[in-house]
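Undergrad: Take the given structure of chain A and dock chain B with the ligand to it, following the hints.
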Amino acid sequence: MGDIVMKKTYTSRYEKRIQQKYEAHRESGAPTYILGIETSCDETSAAVIRDGREVLSNVIASQADIHKRFGGVVPEVASRRHVENITLTIEEALTEAGKTLNDIQAIAVTYGPGLVGALLVGVAAAKAISMARGIPLIGVHHIAGHIYANRLVQEMEFPLIALVVSGGHTELVWMKEHGQFEILGETRDDAAGEAYDKVARALNMPYPGGPHIDRLAHEGEANVPLPRSWLEPDSYDFSFSGLKSAVLNTLHNAAQRGETIEPANLAASFQDSVTEVLVEKTIRAARSHGAKQVLLAGGVAANRGLRERLQARCEAEGIPLVIPPFSLCTDNAAMIAAAGFIKYEKGQFEGLDLNGVPSLSLSEQ
Amino acid sequence: MRVLAIDTSNLVLSVAVVEEERVLAEMTTNQQKNHSVRLMDCVSELLDATGTAPEDLSGFGVANGPGSYTGVRIGVASAKSMAWSLNVPVIGVSSLEVIAMNATGFSGLIVPLFDARRGQVYTGCYRSDGMDAVRAQSTEQIILLREWLPLLRDLAQGEPILFLGEDVRLHRETIVQELGNQAQFASPAFNHPRAAHIGYVALRKLQDGGNAHELVPEYLQLAEAEAKWLAQKQAGAVKE
Ligand SMILES: [Zn+2]
Numbered sequence: 001m002g003d004i005v006m007k008k009t010y011t012s013r014y015e016k017r018i019q020q021k022y023e024a025h026r027e028s029g030a031p032t033y034i035l036g037i038e039t040s041c042d043e044t045s046a047a048v049i050r051d052g053r054e055v056l057s058n059v060i061a062s063q064a065d066i067h068k069r070f071g072g073v074v075p076e077v078a079s080r081r082h083v084e085n086i087t088l089t090i091e092e093a094l095t096e097a098g099k100t101l102n103d104i105q106a107i108a109v110t111y112g113p114g115l116v117g118a119l120l121v122g123v124a125a126a127k128a129i130s131m132a133r134g135i136p137l138i139g140v141h142h143i144a145g146h147i148y149a150n151r152l153v154q155e156m157e158f159p160l161i162a163l164v165v166s167g168g169h170t171e172l173v174w175m176k177e178h179g180q181f182e183i184l185g186e187t188r189d190d191a192a193g194e195a196y197d198k199v200a201r202a203l204n205m206p207y208p209g210g211p212h213i214d215r216l217a218h219e220g221e222a223n224v225p226l227p228r229s230w231l232e233p234d235s236y237d238f239s240f241s242g243l244k245s246a247v248l249n250t251l252h253n254a255a256q257r258g259e260t261i262e263p264a265n266l267a268a269s270f271q272d273s274v275t276e277v278l279v280e281k282t283i284r285a286a287r288s289h290g291a292k293q294v295l296l297a298g299g300v301a302a303n304r305g306l307r308e309r310l311q312a313r314c315e316a317e318g319i320p321l322v323i324p325p326f327s328l329c330t331d332n333a334a335m336i337a338a339a340g341f342i343k344y345e346k347g348q349f350e351g352l353d354l355n356g357v358p359s360l361s362l363s364e365q
Numbered sequence: 001m002r003v004l005a006i007d008t009s010n011l012v013l014s015v016a017v018v019e020e021e022r023v024l025a026e027m028t029t030n031q032q033k034n035h036s037v038r039l040m041d042c043v044s045e046l047l048d049a050t051g052t053a054p055e056d057l058s059g060f061g062v063a064n065g066p067g068s069y070t071g072v073r074i075g076v077a078s079a080k081s082m083a084w085s086l087n088v089p090v091i092g093v094s095s096l097e098v099i100a101m102n103a104t105g106f107s108g109l110i111v112p113l114f115d116a117r118r119g120q121v122y123t124g125c126y127r128s129d130g131m132d133a134v135r136a137q138s139t140e141q142i143i144l145l146r147e148w149l150p151l152l153r154d155l156a157q158g159e160p161i162l163f164l165g166e167d168v169r170l171h172r173e174t175i176v177q178e179l180g181n182q183a184q185f186a187s188p189a190f191n192h193p194r195a196a197h198i199g200y201v202a203l204r205k206l207q208d209g210g211n212a213h214e215l216v217p218e219y220l221q222l223a224e225a226e227a228k229w230l231a232q233k234q235a236g237a238v239k240e
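Just so you know, the sequences run in chain order A and B. Residue numbers for the first sequence follow the UniProt record's numbering, so the first one is 1 and each next one is one higher. Residue numbers for the second sequence follow the UniProt record's numbering, so the first one is 1 and each next one is one higher.
Next comes chain A alone, as it looks inside the complex (with noise of 0.2 Å):
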């Protein structure tokens, strides 16, 4: 059986500016201007970024005091509060960065993974001004663009080992070029960052609990035993769960028998779990991979005492480390914008049927 070859004449208006578009700035060699769009989550964010390195702007509508009052994300009023900020924010960054959509030669969107409705409200804005203004549509991965925040503070090299860790996402990607990613490793079950967040529940702390448990930390001694989990010998996965079952038990233990833990020493002695663990999987990974570069992105790379350790044994290992500064660690439309780039220099863009996809896989993006 032969694939069939079917004559098609017709070409929409909108693919035929994007096509015209897309060519004539080819030529031009102006720069490339890109407006990311993010909404995967509790931030909308928007910004404008030139040539995938230099950040103009980048707006983040921050809706974590809303939140913090359900002690967690609630999806559907996430997604309620970014309909009613989409086109501000957008046209915020346009505005902080001295660009109007003239200037834009694509629009960069997040489409997966994250809260089915949050993302839609990101894709929909994003097919709807690309449509309107014949601009090109590029959909970008949630982790993709994590990694490139790094680049937008130093150039990338290959190949390289990222270690990924929010609220949302433990995950170790090799990198052998640009727009290549593969997963060694991720979370069997809760990401780093939601740990943190219920080991500071158990701890009387508010959410986000992950930077009151890095403070903590700090002020006391890792002393309380603590379990590591290494999982098999060759893998690069990680688990939480056991861990953070093991902080429970021992609160509880010592409550039974009348005892207190110094709330510091049990901080510092779960930072040190957590972070032994991620730190010495990513070098194993670096080492047998001969990365030239290890990245640390997401929100939990704005964790002290993760950085403090990864930069030690970079530095043991001769490795160099890139860690963006905090603000594009968290959820931002920058980064988004930056991994976009890679994809308009390939012309690789997104119909108007593009989709929100919850748990959208790295590799297949």
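Simulated from the structure, these hints should not be mistaken for lab results. Take these hints with a grain of salt, some might be off.
To be verified - Label pairs and their in silico Cβ distance ranges:
#, chain 1, residue 1, chain 2, residue 2, range
1, B, H213, A, K68, 20 to 28 Å
2, B, I142, A, E92, 18 to 26 Å
3, A, F326, B, E214, 29 to 37 Å
Every residue, glycine too, gets a C-beta built ideally from N, C-alpha and C.
TA: Frame of chain A; chain B with the ligand shown alone:
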């Protein structure tokens, strides 16, 4: 003036391009709930079919709820983003009013409704205002159908009450039990929204502005978590 109108607030996907004197194109489907995938391709197709460049549009109209939360958001986010990017106004029209407009000319109460589960409906009530518009007789709300029907009987003052909407068939028995043959039902052709109606409401209101940034959905209901939080707050259980 040319206006593009959209309704994705329930199972129906409807898109239309209208001018003052003519509906240039309208497409309506009532089967698949993949509005996110299909909406912008439909828009592109209708613009091409009517020889309309996006820049030729003087404004947009969109059904902004009530309805499926996600469906309403897809329509509103798309319409406000197109309008903003072209610097033209966008007008939000009640998803219930759009269906009520199917019955302009009817003498009596026009009652569109959507099922809202657990015996509740999203609903409102209208009267025909000439042959080209309807006027609301009450605010739109989410209400138990059993509580709504007696209220309608009072409002109707003996006149017939026409129930409209795809979900009417789910509740027909209850309605007839309460209202007998005062209740009327339309042909299925009148039960789904048509974007062309939205286009004409929008055309009339474009001069009033219709700032894209300010367009938001009308859910008629708080998100569940917000409702719970407010209830706890009122009970004094939490502080802001
Ligand atoms: Zn993220």
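Undergrad: It remains to establish, for every hint, whether it holds in the given structure.
TA: Hint check:
One distance hint, 20 to 28 Å for the beta-carbon pair B:H213 and A:K68, holds here, with the actual separation near 25 Å. Judged by the Cβ atoms, the range 18 to 26 Å given for B:I142 and A:E92 is violated: they are separated by roughly 34 Å. Taking 29 to 37 Å as the suggested C-beta distance range, the pair A:F326 and B:E214 conforms, at roughly 33 Å.
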